[in-house]
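S.K.: Whole structure, please, built from the sequences with the hints as guidance.
This is what each chain is made of:
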Amino acid sequence: MLSESVFCLLTEDLLIRILDRVNSDRKSLRLVCKEFHRVESTTRKTIRILRIEFLLGLLQKYCNIESLDLSVCPRIDDGAVSVLLSHGSVNWTRRIKRLVLSRATGLGYVGLEMLIRACPLLEAVDVSHCCGYGDREASALSCAVRLKELNMDKCLGVTDIGLAKIAVGCSKLESLSLKWCLEISDLGIDLLSKKCLELKFLDVSYLKVTSESLRSIASLLKLEVFIMVGCYLVDDVGLRFLEKGCPLLKAIDVSRCNCVSPSGLLSVISGHEGLEQMDARYCLSELSAPLINGLKNLNHLNIIRINGVRVSDFILQIIGTNCKSLVELGLSKCIGVTNMGIMQVVSGCGNLKTLDLTCCRSITDVAISTIANSCPNLACLKLESCDMVTEVGLYQLGLSCLMLEELDLTDCSGVNDIALKYISRCSELVRLKLGLCTNISDIGLAHIACNCTKLTELDLYRCVRIGDDGLAALATGCNKLTMLNLSYCNRMTDTGLKCISNLGELSDLELRAIPNITSIGIKAVAINCKRLANLDLKHCEKINDSGFWALAFYAQNLLQL
Amino acid sequence: MNPTGSLCANNWARSSSLVPPGNGLQTNLSLDPSSFFGVGIETPFKEINQPSPTQCVIPGESKKDVKITDQETSKLQDWDPSAMLNNLSFLEEKIHQLQDVVHMIVNKKFQPFEQPRELVTQEQQLITADLTSIIVQLISTAGSLLPSVRNTVANTSPLIGQLSQLRGINLPFGTGTSSGIQPQNNCENKLFDHSIQNDVPNKCEMEQNHNMEEHEHKDEEDMEEGENLPPGSYEILQLEKEEILAPHTHFCTICGKGFKRDANLRMHMRGHGDEYKTPAALAKPHKETGSEPKLIKRYSCPYGGCKRNKDHKKFQPLKTILCVKNHYKRTHCDKSYTCSRCHTKKFSVIADLKTHEKHCGKDKWLCSCGTTFSRKDKLFGHIALFQGHTPAIPLEENKGLAEPPDRCDAKENSTMVGSMNFCFGSNPSSENGIDNMMDVKGNIDDPINYFSSLNFEGCNFGAFNEFSQPPFEDSDSSFSFLMSGSFNYAPKSGGESCSDNL
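From first to last, the protein sequence lines stand for chains A and B.
Per my numbering, the very first residue in the first sequence carries number 1; after that it's consecutive.
Per my numbering, the very first residue in the second sequence carries number 562; after that it's consecutive.
In short, the hints are calculated from the structure, not lab data.
Values in this document were obtained by computation on a predicted structure and should not be read as measured data.
A couple of the hints might just be wrong.
[As the list claims (entries may be wrong)] With a cut-off of at most 30 Å between alpha-carbon atoms, the simulated DSSO-like pairs for lysine-lysine come out as follows:
(1) B/K821 <-> B/K937
(2) B/K939 <-> A/K194
(3) B/K937 <-> A/K200
(4) A/K530 <-> A/K542
(5) B/K937 <-> A/K244
(6) B/K939 <-> A/K172
(7) A/K172 <-> A/K200
(8) A/K200 <-> B/K907
(9) A/K172 <-> B/K925
(10) A/K172 <-> B/K937
(11) A/K194 <-> B/K886
(12) B/K802 <-> B/K896
(13) B/K939 <-> A/K222
(14) A/K34 <-> A/K542
(15) A/K208 <-> B/K925
[Unchecked claim] Some residues of chain B that are not near chain A, with every Cβ distance over 12 Å (derived):
(16) L687
(17) E796
(18) E804
(19) K886
(20) I911
(21) H917
(22) D938
[Claimed, not checked] Looking from chain B toward chain A, a few residues come up when the C-beta cut is under 7 Å (computed):
(23) I944
(24) A945
(25) P952
Ideal Cβ placement from N, Cα and C applies to all residues, glycine included.
M.R.: Structure, rendered in structure tokens:
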């Protein structure tokens, strides 16, 4: 009662400020205090609807919503939209600027058009993974004249016609992602580049476009980010168009473009000295000497990902000495990465935040120590399948890289409980992958659980020595966990599951092939983990109907089973 | 496109060369408007009105009415005096209007305060524009006299020499360009020239009354050559409407049966007697190649105001009788042949129908403007070119909304289509979709092609127009509309010369 009266005295501005400071627990504030509830209902800008039944009420309550996320409401359909829009007093659509309709497969073009026409200020729409969407839906989207951002990933049915509709209708478009829109061809891209001159971001990944498209794209003067992953019909001829065009280009991604050679990439590089990001994953077999020389000029380069390329110590040395501002380096599956090379590259690039050394099997603790010493800001380190890494290297990591947020040690058989103890000093860890680390046990896990309280993702795939005790420690320590993979951890039982059920934030849980868990454990999880959305119970043979009944009854947010 | 462009540039250059005398005139005007008329308009008018059987008052010269004598009426047989009268009275009206405007300007001059300079120049431009159009009209009016007068031209004067020198300047224009666009522009150039020439000699030596006849001849001759294709002259023939529409052109002199082809007639003639069976009678009537070089024949459309009509200021002749027939049917006749597949497209030439029927239903790429394309890239080129055009999605529901209200049935059709489509849209399997597409195609074609037929009409009509001014689709069609009203093309020429002056 007291608190309520206090808040009554505060002005709305102050309340809003308080609310802004409280990031994580708005919900509890909202629920216990009328004032906060009132303030939030007027200031809240974004909303993610979990269940469609509440949509109308929520929209009425939060009248200033600017961003509406319906991505977890696949049930929304044309009828629902027309009901929503026909409720006379509702003018919630007036202010909406962002619509997330990802995976909202129930919505047809009629409903989509109604929705979009009702939102005059709409600037961003996400219809990614609406696989059934075609030209008619695209034409509905083109009604949003002010649209600046559009994500159409995997709208499989959209053809050039649909793209043309959008290009003509939404001429202010700045960001467009056409990933996996397989029907789109050069003609559509050409028209797009003629009509949408404001484009800054363009993703044409996996389209069947040829170099001709790049000729048109080169005419986009404002383009900054261009992504063409897996465009296997584009070759060096196309990249040469880019050399002269797109003066503001900052990032290019030619990953998995099989026809691209180092000389093509070189032409892009030589035309854009301000390039900040270069992705060439799995498209080159090796870097040619001219390309390496070209890299010397790219002083602004932040991100290089050259996964799958044969590199040498010399190349890494060049990168290390020239690209001083490098923030991310991806050398995943590169052949020829040695301790020496790594040492040379990290000694130059002290600002590295992300380092991907997946499958660089020849690196050892020496390299890890050097990395730890040279890159204190490291936030993400991927060492998957680096078998030679042991607790010796990770000891240094735990000492120096306190900012580390993500660590991937999947399949590093050298990691044991002591190593985990060292790692646990990185208290900022958010994501930790320990899959296939068969040498870790409950003791190591307890170290992690005690110190890494910010952990949200943990992968313990096939960590066969993990048992219920470790999970109990985990459940008490890392209560922010949202994703947990326990597949094939065959020692765990219902007791462990009951511990897990204390993780209230859990949304993704994999329990594949755990023979000892039964319906009782599942029921506990279903009751307590309210946010559970994805649950994998494959090959859990002891779970019977009662477990599923519990799931059906309690876990109302479950999306995938 | 390029030749047109270069020609345009030439035109501009030409018109800029026209400017100095124009400026002179304008300064004149500011001093004394009546004298301006005296120089600018009086002369051409005199020349061309001369043969008119009526008396014409030249409004510009209110003090000095010019009586026109019937000197040459005897020579002129095959021109239409009533049409001429119409033209002249129209011109008279036009000049009156202009006179009023100039009067107004004169009155303003006496007002105490100075006018802003732009306004004055604007007015001057307006007047020059109007004058240009009047001159052009006069010339085209005179053009109708040509065939009859040509024969009478015999004597020359020193002035002609002078003029041909002037014309000599012109010649380079027509040489390098393709003949497709040339005549039109060439003609225009000449017209401009003509107006200069009218000015030049008269300004130099103010003896208009003296030597009037030669003057006239020379002008007419000049006019005629101006309309010609590159230097070689040609004869303009104009078939009558009935002649064009007649199904047969070759008639049997004995039984009167008509044939489309002379060869068929000759075959037919064999039945009338042995004398027609001789090889000589059956052979093609041979062409007299040996004789003097034959005049190239060009044809004019009898429809007044049509660009293919010889009175049109941008007259483009038709090459053959077949061209005349097709042109006349396509442009000035009802479209009586309907496509049996789509039941929407109509044609007036049966060959067009047959061509269409070959492709009907194959034009699956259509634009929101109703135009259909057989190829996707053509559609996309079209869309890239025009603002606001989008590709139309077949079976689209909002097509029905765009319908004009009188097409209720079509609307129903399309909404029905929409609902059908909606049904299968709920479980989209590709096979199903395709089937439906095929089914509904016939229905949906209706409303769409309803538009496109309209559009095509416009296309046919202004086909060559489109090439001269590609970016302005709308203005183009409106121009062609204007042109169909007889002699109402003043706005266009006015606009042109305005832009020239700017």
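S.K.: Against the structure shown, which of the earlier numbered hints fail to hold, in ascending order?
M.R.: 1, 8, 11, 14, 22
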